[in-house]
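Based on these hints, arrange chain B on the given structure of chain A.
Residue numbers (our numbering), protein chains in the order written: chain A, 8 to 117; chain B, -19 to 92.
No false leads were slipped in.
Quick list of in silico lysine-lysine cross-link-like pairs, DSS-like style, CA-CA up to 25 angstroms:
| hint | chain 1 | residue 1 | chain 2 | residue 2 |
| --- | --- | --- | --- | --- |
| 1 | A | K9 | A | K52 |
| 2 | B | K(-11) | B | K51 |
| 3 | A | K86 | A | K52 |
| 4 | B | K(-11) | A | K49 |
| 5 | A | K49 | A | K86 |
| 6 | B | K51 | B | K37 |
| 7 | A | K52 | B | K37 |
| 8 | B | K(-11) | A | K52 |
| 9 | B | K37 | A | K9 |
| 10 | B | K37 | B | K(-11) |
| 11 | A | K9 | A | K49 |
| 12 | B | K51 | A | K52 |
The set of hints was computed from the structure by calculation and includes no laboratory data.
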Amino acid sequence: RKEVEQDPGPFNVPEGATVAFNCTYSNSASQSFFWYRQDCRKEPKLLMSVYSSGNEDGRFTAQLNRASQYISLLIRDSKLSDSATYLCVVRQTGANNLFFGTGTRLTVIP
Amino acid sequence: NAGVTQTPKFQVLKTGQSMTLQCAQDMNHNSMYWYRQDPGMGLRLIYYSASEGTTDKGEVPNGYNVSRLNKREFSLRLESAAPSQTSVYFCASSEWQGSMEYFGPGTRLTVL
Chain A
8 RKEVEQDPGP
18 FNVPEGATVA
28 FNCTYSNSAS
38 QSFFWYRQDC
48 RKEPKLLMSV
58 YSSGNEDGRF
68 TAQLNRASQY
78 ISLLIRDSKL
88 SDSATYLCVV
98 RQTGANNLFF
108 GTGTRLTVIP
Chain B
-19 NAGVTQTPKF
-9 QVLKTGQSMT
1 LQCAQDMNHN
11 SMYWYRQDPG
21 MGLRLIYYSA
31 SEGTTDKGEV
41 PNGYNVSRLN
51 KREFSLRLES
61 AAPSQTSVYF
71 CASSEWQGSM
81 EYFGPGTRLT
91 VL
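Just chain A, with the same shape it has in the complex (with noise of 0.2 angstroms):
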């Protein structure tokens, strides 16, 4: 089983609106939680954390249910410029470095 699964997509959504991506997480040990973003034939820039009481900025929400082992991102009012792939990452307890999911890609339409 996979440290870390999310939904490969794609997601494609017309601007404006509202889209959310799911990340589970094998490990009940995890600690810390990240969404990163990852432009085509780029590297990965860290996009938000995710904190346990959940977080905000701006029009990108990241929400942590840790009885169900899931993270989310919630994107508002979605722009073009939020086309990407969108990758979920986790550090479990005592790990030396993140996991990282594979990524979901999001296509936003005019």
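Just chain B now, kept in the frame of chain A:
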């Protein structure tokens, strides 16, 4: 601040050739990492260096070696390249192990 830099950006090798991928960071980070990214597989950790002077194997270390030359630089060497090593290689750094990582622009390697 350049962040994390990698050279070269592109490389084509023949099977059996060797090469070294270079990585440097100017953020005074303690930890550095090498990943490979293949379609459908996500990012997989090859080797990491928790701090200057230490290196450890990640998930897919076979066929690779690394050197943490100093705090800034972390190189990845392929001694005898194989077609299975065709991939995009990313170097990353973080302030400490497990904290958020910052990535370089990647090296696209093709082994024929």
